[in-house]
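K.L.:
Under our numbering, the first residue of the sequence shown carries the number 138, and numbering increases by one thereafter.
Read the hints as simulated data drawn from the structure, not as lab findings. All the given hints hold, so there is nothing to weed out.
Below, computed lysine to aspartate or glutamate pairings styled on EDC-like, alpha-carbon distance capped at 16 angstroms:
#1 Lys197 to Glu180
#2 Lys256 to Asp274
#3 Lys139 to Glu162
Given the structure is predicted, the values throughout are model-derived calculations rather than measurements.
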Amino acid sequence: MKEKIHDKENFINVSYSDQRISNTEFDSCTFLNCDFSGSVLSETDFINCRFESCNFAMAKLSGTGLKDVNFIDCKLIGINFDHCSDFLFAANFQKCVLDYASFFKKRMKNARFTNCSMKEVDFSSADLSGAQFGNCDLSMAVFSQSNLEKTDFRTAFNYAFDPGANKMKKAKFSSSGLAGLLGKYNIEIE
Numbered sequence: 138m139k140e141k142i143h144d145k146e147n148f149i150n151v152s153y154s155d156q157r158i159s160n161t162e163f164d165s166c167t168f169l170n171c172d173f174s175g176s177v178l179s180e181t182d183f184i185n186c187r188f189e190s191c192n193f194a195m196a197k198l199s200g201t202g203l204k205d206v207n208f209i210d211c212k213l214i215g216i217n218f219d220h221c222s223d224f225l226f227a228a229n230f231q232k233c234v235l236d237y238a239s240f241f242k243k244r245m246k247n248a249r250f251t252n253c254s255m256k257e258v259d260f261s262s263a264d265l266s267g268a269q270f271g272n273c274d275l276s277m278a279v280f281s282q283s284n285l286e287k288t289d290f291r292t293a294f295n296y297a298f299d300p301g302a303n304k305m306k307k308a309k310f311s312s313s314g315l316a317g318l319l320g321k322y323n324i325e326i327e
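Whole structure, please, built from the sequences with the hints as guidance.
P.N.:
Structure below.
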């Protein structure tokens with residue numbers, strides 16, 4: 138049982154910067170223009186929550202539950218999502234900056250990433266089957282031993298990874314993105 142429970146509340150312009158939030162549950166809450174930068178979120182659950190224009194830069198997640206959570210226009214730089222609870226983990230991202238984040242070994246079937254900057258994100262050993270990367274910048278993102286079956290990369294760009302090091306049955310790519318899959322062969326494509 139969580140110590141504090143917030144249900145269907147709106148949090149607007151609240152600063153949690155460099156604070157610790159622990160053993161708390163937020164159910165069906167909306168966060169608008171909130172600052173979580175440098176905060177520690179420990180054993181806290183966010184269920185069916187929406188974060189819009191929030192800053193999570195360098196926040197630390199430890200056993201944090203993200204259950205059907207939507208991030209819109211948020212800054213999530215350097216977040217280790219792999220430290221989140223795996224139980225019912227489900228998060229979608231729209232117009233977010235996720236640079237240097239990690240989803241190592243995360244199960245994210247059917248996740249949606251839309252118009253996001255995802256530079257150097259680590260998706261090693263993640264299950265991204267059925268995920269969509271719509272118009273996302275995946276510069277230097279790492280996909281290794283990842284499940285990318287039925288994943289849609291058709292409008293993503295700047296990705297480069299080895300298809301042989303990932304499960305990729307029925308993954309979708311545009312012809313302009315094929316060069317990022319053939320980089321290890323050191324061939325020229327015109």
